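Kindly produce the complete structure, drawing on both the sequences and the hints.
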Amino acid sequence: MTQVLDREQIAEWSAQQPQRPWTKKPARLQARIAVAALLPAALVALLFMYTEIPGPVLLVAVYFPLQLLAAGIAAVATKGRQGAADSVIIVLSVGATLFSFIILTSVLGSLIVRGLEAVWGEDGFRSSFLFQNNVYINPSTPLEYGGLGHAVIGTLMIVLIASLIAVPIGIATAIYITEVRGRAVPYVRFFVQAMSGIPSIVAGLFILTVLIVSGAMNQSAFAGGLAYAILMLPTVARTAEEVLRLIPEDLRTGALALGSTRARVVLRVVLPAAKTGVITAIILGVARVIGETAPLLLTSLKSDQTILNPLTDPIAALPTYIFDNVALPYPGAVTRAWGAALVLMILVLILFTIARILGRDRLNRFR
Amino acid sequence: MATPPTETRRDLDSAATSHRGDRIFNRGITVAAFTALLVLAGIAIFLGVAAVEAITTQGWSFLFTTEWKVDQGDEPVAGIWGMLYGSVLLSVIGLVIAVPVSLLLSVFIVFLAPRRLGRVMTNVIDLMAAIPSIILGLWAFYLLSPPAEQWQFLLNKYLGWIPIFQNDSGNFNGTPFIAGFVLAIMMIPIITSVSREVLGRTPPELINAAEALGCSLWTMLRHVALPYGRGGIVGGIMLGLGRALGETIAIFFVLKLVYDINWYKIIESEGGSVATLIVATFGEVSGPYELNLLLAAGFFLFVGTLAVNVIANLIVQKTGRSER
Numbered sequence: 019m020t021q022v023l024d025r026e027q028i029a030e031w032s033a034q035q036p037q038r039p040w041t042k043k044p045a046r047l048q049a050r051i052a053v054a055a056l057l058p059a060a061l062v063a064l065l066f067m068y069t070e071i072p073g074p075v076l077l078v079a080v081y082f083p084l085q086l087l088a089a090g091i092a093a094v095a096t097k098g099r100q101g102a103a104d105s106v107i108i109v110l111s112v113g114a115t116l117f118s119f120i121i122l123t124s125v126l127g128s129l130i131v132r133g134l135e136a137v138w139g140e141d142g143f144r145s146s147f148l149f150q151n152n153v154y155i156n157p158s159t160p161l162e163y164g165g166l167g168h169a170v171i172g173t174l175m176i177v178l179i180a181s182l183i184a185v186p187i188g189i190a191t192a193i194y195i196t197e198v199r200g201r202a203v204p205y206v207r208f209f210v211q212a213m214s215g216i217p218s219i220v221a222g223l224f225i226l227t228v229l230i231v232s233g234a235m236n237q238s239a240f241a242g243g244l245a246y247a248i249l250m251l252p253t254v255a256r257t258a259e260e261v262l263r264l265i266p267e268d269l270r271t272g273a274l275a276l277g278s279t280r281a282r283v284v285l286r287v288v289l290p291a292a293k294t295g296v297i298t299a300i301i302l303g304v305a306r307v308i309g310e311t312a313p314l315l316l317t318s319l320k321s322d323q324t325i326l327n328p329l330t331d332p333i334a335a336l337p338t339y340i341f342d343n344v345a346l347p348y349p350g351a352v353t354r355a356w357g358a359a360l361v362l363m364i365l366v367l368i369l370f371t372i373a374r375i376l377g378r379d380r381l382n383r384f385r
Numbered sequence: 015m016a017t018p019p020t021e022t023r024r025d026l027d028s029a030a031t032s033h034r035g036d037r038i039f040n041r042g043i044t045v046a047a048f049t050a051l052l053v054l055a056g057i058a059i060f061l062g063v064a065a066v067e068a069i070t071t072q073g074w075s076f077l078f079t080t081e082w083k084v085d086q087g088d089e090p091v092a093g094i095w096g097m098l099y100g101s102v103l104l105s106v107i108g109l110v111i112a113v114p115v116s117l118l119l120s121v122f123i124v125f126l127a128p129r130r131l132g133r134v135m136t137n138v139i140d141l142m143a144a145i146p147s148i149i150l151g152l153w154a155f156y157l158l159s160p161p162a163e164q165w166q167f168l169l170n171k172y173l174g175w176i177p178i179f180q181n182d183s184g185n186f187n188g189t190p191f192i193a194g195f196v197l198a199i200m201m202i203p204i205i206t207s208v209s210r211e212v213l214g215r216t217p218p219e220l221i222n223a224a225e226a227l228g229c230s231l232w233t234m235l236r237h238v239a240l241p242y243g244r245g246g247i248v249g250g251i252m253l254g255l256g257r258a259l260g261e262t263i264a265i266f267f268v269l270k271l272v273y274d275i276n277w278y279k280i281i282e283s284e285g286g287s288v289a290t291l292i293v294a295t296f297g298e299v300s301g302p303y304e305l306n307l308l309l310a311a312g313f314f315l316f317v318g319t320l321a322v323n324v325i326a327n328l329i330v331q332k333t334g335r336s337e338r
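Each protein sequence line maps, in turn, to chains A and B. First residue of the first sequence? That's 19 in this note's numbering, and the numbers climb one at a time after it. First residue of the second sequence? That's 15 in this note's numbering, and the numbers climb one at a time after it.
These are calculated hints, taken from the structure and not from any lab test. This one's a predicted model, so the numbers in the text were calculated from it and none came from an experiment. You may find that some hints are simply not true.
[Unchecked claim] Distance condition first, Cα-Cα at most 20 Å in a straight line; then the derived SDA-like pairs of lysine to any residue:
| no. | chain 1 | residue 1 | chain 2 | residue 2 |
| --- | --- | --- | --- | --- |
| 1 | A | Lys97 | A | Leu87 |
| 2 | B | Lys332 | A | Ala212 |
| 3 | B | Lys171 | A | Leu87 |
| 4 | B | Lys270 | A | Pro347 |
[Said to hold, decoys possible] Residues from chain A that face chain B, not an exhaustive set, calculated with beta carbons under 10 Å:
| no. | residue |
| --- | --- |
| 5 | Ala88 |
| 6 | Ala103 |
| 7 | Thr115 |
Ideal placement from N, C-alpha and C gives every residue a C-beta, glycine not left out.
Written as structure tokens, this is what we have:
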């Protein structure tokens, strides 16, 4: 009797998680691990409270060796000599995890604490900080006045210009690779990959020479948008390519069999089917560039006014606003920088979350 | 029974060329697909012209000496060797910190953590990759630098006899160590996401077989998982390196640029970086000639990062990882 495998069956099998027996641990071992993990920490905490040894020295010279020793003893007691190397790996990898977790917490935590100082004063929520511009403001002006409204508008304008340029070209590149499938596919992919390695400062220098040094135009939102587009294009193209790859071949051949032209297959069938994925690609592209500072320092400079003309005048953006305020010797200016950084990070987080939610949706759809 | 008319059937493979609209569509898409090449060539040409001019006026000493006296005196002298070397030194410091951390982190996520914690850590790492470099720079300037000066002081005090921990000035501000540390934070998510994926694709049969033969975790890693994922991991490291070489803003505030070559004193308050040189000098550029020198410096930065990235992508591709 032959067994007929249907798609659902296969999907169910492939959804099963592989078993990982090496992660199971008996209770006695768990108790041993707990003792080995807590004892050194407790000892060092006592030393820290009752002696004068500075914290970093204690951490490096006492805690780490002690922790390694404790884990080593526990491992040798359980597994014999072989366990010693394991214990080192385990202690170090937990350490590495804590390290990155602490860094991220420190960055986000400091952003929230210092950033809220700018947005939330004794006078309550300062909407002025979010909506006013920087005209008549100098570094020592109290925080009640002025804000980053002009920089938010500038960032949105620059990112919009970049998207208008990079999104169509990026998606077209992806379509070339997955739909047109011309002879040059390997080369196009190679160039896109090479392009994703362009440092942001080099993208800025390029636009600077082509547009500004040559005298074609002033530093402006358009020039900044072009520099952003260079950085955005590879991200959009690669993500869109991955998404279009997920569209089942049946859809294409089906549409062709119904007599549709190639162009219609792409525009009416493939792209609509990949809609959420393409949106994810755009969002990831925007998230990639929105915090880039170096190209804007060369191509859009800065401004204290709200600029609405993208072609002629230098314009402020959130990253350059932060850059200008970071190292000023005025606490008020520094607080403004933190406030702007908080706003920027929130923008990035929103984009990140949307991309995640859409991405999950996309993956589940064609499994 | 009537047979359907056959002359309207279309050959699927030649469909692309048999319709006028399709031909226009295909041509348009093909042109757009070569934008990447156009941009790369444009950068190479426009910055390359500047580089040629810099080399002809400055000689090869532009690449192999360290000096920047352009706006003063009659004869402008410029050389970026110290900056080029500085970029490499910072990246090496970053790699020394980031590679072990990333590998251990991916071992933790793939082999040690419960599945849910592993997923949380994956998101944490992706989030780390999403932090804009200017925010990292701000954080490094105000939160990392002060304690890092303390660490370096202690390093110098207890391990100062090792050449790399020498410090003659007593000033621990703006050192290559701090900047390299910041670069490491930027590299960790890149390297981790590649090596996590590569290690996660180690065939479970191989792992189970190793377990059944009595291998410990370390032996399994050493003889099964790491050899299996070696290519991908090396590629990931090179991708991180490419990112670090071109990074500008994150280290702008925490690195003291000095036009002098600092060979190995990583906790001395002097360093160099091509990208940072460009931003630092652009604000007070004295004229078209100095701007041209900056463009030339940008050209060499472009060539270096491009080479690293191309090699990295070739390695990653060879190991069959989905490119991302």
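How the hints compare with the structure:
Annotation: proposed proximity of Lys97 (chain A) to Leu87 (chain A) holds, straight-line Cα distance about 15 Å (limit 20 Å). For a cut-off of 20 Å, the pair hint linking Lys332 (chain B) to Ala212 (chain A) stands: about 16 Å separates their Cα positions. With a CA separation close to 26 Å, the supplied pair Lys171 (chain B) and Leu87 (chain A) exceeds the 20 Å bound. In summary, the hint linking Lys270 (chain B) to Pro347 (chain A) is supported, as the alpha carbons are separated by about 17 Å, within the 20 Å threshold.
Interface hint status for Ala88 (chain A): violated, as the beta-carbon distance to the closest one in chain B is roughly 17 Å, over 10 Å. Among the interface hints, the one on Ala103 (chain A) holds; its C-beta lies about 4 Å from the nearest C-beta in chain B, closer than the 10 Å criterion. The beta carbon of Thr115 (chain A) comes within 5 Å of a beta carbon in chain B, closer than 10 Å, and the hint placing it at the interface holds.
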